[in-house]
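Make a model of the complete structure from these sequences and hints.
Top line first, the protein sequences correspond to chains B and U.
Position one of the first sequence corresponds to residue 249 (our numbering), numbered consecutively onward.
Position one of the second sequence corresponds to residue 8 (our numbering), numbered consecutively onward.
It should be emphasised that the hints constitute simulated quantities derived from the structure, not laboratory data.
Warning: the hint list may mix true and false statements.
To be verified - Taking lysine to aspartate or glutamate and the EDC-like style, the derived pairs with C-alpha atoms no more than 16 Å apart in a straight line are: (1) B/K402 x U/D87; (2) B/K388 x B/D346; (3) U/K85 x B/E395; (4) U/K85 x B/E398; (5) U/K89 x B/E398; (6) U/K64 x B/E426; (7) U/K32 x U/D113; (8) U/K64 x B/D430; (9) U/K84 x B/E398; (10) U/K115 x U/D87; (11) U/K89 x B/D430; (12) U/K115 x B/E426; (13) U/K124 x B/E395; (14) B/K308 x B/E545; (15) B/K553 x B/E463; (16) B/K343 x B/E395; (17) U/K98 x U/D58; (18) U/K64 x U/D113; (19) U/K84 x B/E395; (20) B/K553 x B/E462; (21) U/K32 x B/E426; (22) U/K60 x B/E395; (23) B/K402 x B/D346; (24) U/K89 x B/E426.
To be verified - With beta-carbon atoms standing in for the labels, derived distance ranges: (25) U/N79 x B/I596: 53 to 59 Å; (26) B/E484 x U/S36: 18 to 24 Å; (27) B/N547 x U/F96: 50 to 56 Å.
C-beta atoms are modelled at their ideal positions from N, C-alpha and C, and glycine is treated no differently.
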Amino acid sequence: MKNWIYILTLIIFVNCGNENKNIVNPLQYSQWSLYFNEEFYTEYDINFNASIHHKKDFEKYTGRNIKIVIIDDGLDITHEDLKNAISDTWDLTTKTNDVSYTFSNEYHGTAVTGIIASQSNKIGIRGLAPNSEIIFLKHKQNMSNSETIELLNKALSYNPDIINCSWGTYHVSQSVKEKIQDMAINGRNGKGIIFVWAAGNNQVDISTDESGIEEVIAVGATNKNNELAYLNNYGEGLDILAPSGDYELGITTLDVMGDNGIGIINSNYILSNNTITFDGTSASTPIITGIVAIMLELNPLLTRKEIQDILIANTDKIGNVEYINGHNIFYGFGKVNLSKVIDKINSI
Amino acid sequence: MKFVLILSLITVAFASEKIFYIYNKKNISLDKIDSNVSTYKTSNGILLSIDNKILIKFINLNNFYKYMEDYNLSKSKKIDSKLYQFQVFNKSKLFNTINSLALKNDIKYAEPDFIKKSILR
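What follows is the structure, encoded as structure tokens:
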């Protein structure tokens, strides 16, 4: 009898550690930016190296115990693929926890959140860090500097590890810049909060943008051809690229449930071949956020600077361009490679 | 000749008001594009709106009340450590006020509390 109890306990314990191993999320096959899937890649003529090189074996890393603040335009907290993913919400305008959308055609924050936190649950897709703790803060479409600082202070109150911003103003003021720098240097009990910021898609220099701040990870985008995505911004401050597609093929993520949002083929999801695609740097930024969550799960003691250094030292140098001291203003330090990053952290 | 004169008059009539503020010891030039709602455009085309609020980052607070009085500032609100928001009574003097305050030894910077569009990417 004792042996049976021992074996049963062992089975439960082993299964706890591999909770995601046998779960098949029905739309996961179309997450081309994360995984190579031969059938899907052939159908859409996707470059063999277009993904971040995620593997089934890496799904044991789920962002557990990592706290992520997402600042965006709104969130469908009732989404079927976000059940139990969101730990708290707050809206800058109403000062309440209602972060639902102002307009029925909005979807951005839900799409961003899905890339990071979609649950591994036999529904929809799989986020990169499904067990991370997500706090969603709704910003305002027009925000003053003082309101931006209020929002950042709210984020800080959760003591987050990572802050994801798939938006920007192109004109960061001194007060906001100092606040971001202070949090990136002194937050997380001195290890530094990791700001992951979309560089934008307007073919402009990011030097005056939030993403251009040195202590921030500025993220550009690549497409299905493993090339720079259409209209990527550029600059000395551009750090890294991640695959999210462009007008040719976007990525699959969450839409607002039901009739709202932009999902055409599937009303609850924005499929990669949806009429309006979700792509560009808004979509590539949460991919880096998810990867950073995995990095911190592997080693929670890594500082913000160490995270940045490991990420940029383990990229793929795509494009036939010259990287001066490892950097190119259009390609940053190259395209993220999850496999290399995990190998590096495991070797430390 | 007449055409050139008319063109010049039109140009002058629609010319935007130039203004500047100090950012990190550099003069940032702005074009005023809407006199009613105080909207400005940066050199790279970004629209910034202001009302009558400014932000001042103090190095120390020794002259906090003196500056309030000297510059006719009101309703202070603490935004962050040594960072305060004030209202300027005369909006037309907002840029003069912040540019003068920015030169004080005990003030790290002064800037308009710009309202900007958060552009989704």
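Against the structure, the hints come out as follows:
With a C-alpha separation of about 12 Å, the suggested pairing of B/K402 with U/D87 holds against the 16 Å cut-off. Among the hinted pairs, B/K388 with B/D346 is consistent with the structure: their alpha-carbon atoms are about 13 Å apart, no more than 16 Å. For the given pair, U/K85 sits about 12 Å from B/E395 by alpha-carbon distance, which is consistent with the 16 Å threshold. With a C-alpha separation of about 11 Å, the suggested pair U/K85 and B/E398 falls inside the 16 Å cut-off, and the hint holds.
In summary, the hint linking U/K89 to B/E398 is supported, as the alpha carbons are separated by about 14 Å, within the 16 Å threshold. Pair hint U/K64 plus B/E426 holds up; C-alpha atoms about 10 Å apart against a cutoff of 16 Å. Straight-line distance between C-alpha atoms of U/K32 and U/D113 comes to about 15 Å, which keeps the hinted pair within the 16 Å bound. Only pairs whose Cα atoms come within 16 Å are accepted, and U/K64 paired with B/D430 is accepted, the gap being roughly 14 Å.
This hinted pair checks out: U/K84 and B/E398 have alpha carbons roughly 12 Å apart, not beyond 16 Å. The suggested pairing of U/K115 with U/D87 holds, with an alpha-carbon distance near 14 Å, which does not exceed 16 Å. This hinted pair checks out: U/K89 and B/D430 have alpha carbons roughly 13 Å apart, not beyond 16 Å. About 11 Å separates the Cα atoms of U/K115 and B/E426, which keeps this hinted pair within 16 Å; it holds.
Annotation: proposed proximity of U/K124 to B/E395 holds, straight-line Cα distance about 12 Å (limit 16 Å). Restraint check for B/K308 and B/E545: satisfied, since their Cα atoms lie roughly 11 Å apart, inside the 16 Å limit. For the hint pairing B/K553 with B/E463, the CA-to-CA distance comes to about 8 Å; that is within 16 Å, so the pair holds. Distance hint between B/K343 and B/E395 is fulfilled; the C-alpha atoms sit about 12 Å from each other, no more than 16 Å.
Restraint check for U/K98 and U/D58: the C-alpha separation of about 8 Å stays at or below 16 Å, so the hint holds. For the suggested pair U/K64 and U/D113, the alpha carbons sit about 9 Å apart, so the restraint of at most 16 Å is met. Taken as a hint, the U/K84 and B/E395 pair is honoured in the structure, with Cα atoms around 12 Å apart against an allowance of 16 Å. Distance hint between B/K553 and B/E462 is fulfilled; the C-alpha atoms sit about 10 Å from each other, no more than 16 Å.
At most 16 Å may separate the alpha-carbon atoms for a hinted pair to count; U/K32 and B/E426 meet this at roughly 15 Å. The hinted pair formed by U/K60 and B/E395 meets the criterion: a straight-line CA distance of about 12 Å does not exceed 16 Å. For the suggested pair B/K402 and B/D346, the alpha carbons sit about 15 Å apart, so the restraint of at most 16 Å is met. With a C-alpha separation of about 12 Å, the suggested pairing of U/K89 with B/E426 holds against the 16 Å cut-off.
Our hint of 53 to 59 Å for U/N79 and B/I596 holds, since their Cβ atoms are close to 58 Å apart. A hinted range of 18 to 24 Å for the beta carbons of B/E484 and U/S36 is consistent with their spacing of about 22 Å. In this structure the hint that B/N547 and U/F96 lie 50 to 56 Å apart at CB holds, the actual value being about 54 Å.
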